[in-house]
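Chemist: Residue strings, one per chain:
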Amino acid sequence: MRLSYPSNIKVIQVPCTGRVDILHLLNAIENGADGVYVAGCLEGECHYLTGNIKTRKKVNYVKKILQEIGIEPERVEMFSLSSAMGLKFAEIAREMNEKIKTLGPTPVRKKEAA
Amino acid sequence: MIVADRKSLEEILSMIKDYKNIMVLGCKGCVTVCNVGGEKEVSILASALRIARQKEGREINIDTKVIERQCDNEYVAQLKETVGNYEAVVSMACGVGPQFLSEAYREQKFYPAVNTTFFGGAVTHGIWEERCAGCGTCIIHDFDGLCPVARCAKSLLHGPCGGSSKGKCEISKETICIWDSIVSKKMEQGRLNDLLKVRAVKDWRTARDGGPRRSIREELTQ
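Quick mapping for you: the protein sequence lines, in order, are chains A and B. Positions in the first sequence are counted from 1; adding 198 to them yields my numbering. With the first letter of the second sequence counted as 1, position 87 gets the number 74 in my numbering; the numbers rise by one all the way through.
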């Protein structure tokens, strides 16, 4: 299909979104990512039964933590789509990219070493 | 197990606001089992605190460690070499942990990261309920293993009150009336007469009413 999506998005592959942990998402934010999103299978179609549903809860937990410390929870999101939905993947990537651009750079910046 | 809930990040951040170098210390006992203060939760809290402080532009060094049990001096002693390397220590154990630490290391400051709530168990994944009040004189043999002291809102010992409705307690729709369960079970087993027993007034001196408690096992003392 040769679809394009923003080049600033780094894709990390996992066997199932159930593998994505709260700490993976927090570490991304801690290390300066402006936003992180999880693209999981459609609900009810997880090959491992409930991996995507469990991870949606983990994503919501991370959003709660960010909210508690005054960071926009929208910087972390979860989307559901199947591996055959390339168009939707590109659309989500653009949507998330636009959203993060509107929010601006992350307030979580490590001090540069002097 | 002892069940606890993590304090709000706001509260924890306010406890450590003056420090730049702390340790977050977990416990492999009850708080690991109730997913509040084990290895995972220690890492999550440390990460969240670092993010919050980076956002404020006041970076903080946070090291993490999890010991076998914070309620045991034998394990608390393992921190001897490192505990002094930090301005403060945030403990994710139940309320017992920070106290054992505080008594062992008088020069260090310890802060609790959790609110210790009750003795209970997980009724399903992610949901814990109270089962024991630690009253010091167990009487559940009279109630087929169900405890009216811990599970009746009024700790009634002679039957339900007027707030029992359709098996639920008037305090909340999620709270079962334990007396309804006790009576149902006795009826199912045809032993309702057991409940005719008139009990003497409960001696609460073995509970918290008698002050801080102590348990001595002569065969184990050295």
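Errors might be hidden in some of the hints.
[Claimed, not checked] Pairwise CB distance ranges, derived in the manner of DEER restraints:
#, chain 1, residue 1, chain 2, residue 2, range
1, A, Val209, B, Lys172, 48 to 58 Å
2, B, Lys160, A, Leu247, 52 to 62 Å
3, B, Lys153, A, Val209, 45 to 55 Å
4, B, Phe106, A, Glu266, 50 to 60 Å
5, B, Gly198, A, Gln265, 17 to 27 Å
6, A, Tyr246, B, Thr111, 15 to 25 Å
[Said to hold, decoys possible] Here are the simulated lysine-lysine pairs, PhoX-like style, with alpha carbons at most 25 Å apart:
#, chain 1, residue 1, chain 2, residue 2
7, B, Lys7, A, Lys308
8, A, Lys256, B, Lys42
9, B, Lys42, A, Lys208
10, B, Lys153, B, Lys141
11, B, Lys15, B, Lys(-6)
12, B, Lys27, A, Lys261
13, B, Lys153, A, Lys308
None of these hints come from the bench; they were simulated from the model. We treat Cβ as the ideally placed atom computed from N, Cα and C, and that holds for glycine.
Chemist: Of all the hints given earlier, name the ones this structure violates by number, lowest first.
Modeler: When the structure is compared with the hints, numbers 2, 4, 5 and 13 turn out to be violated.
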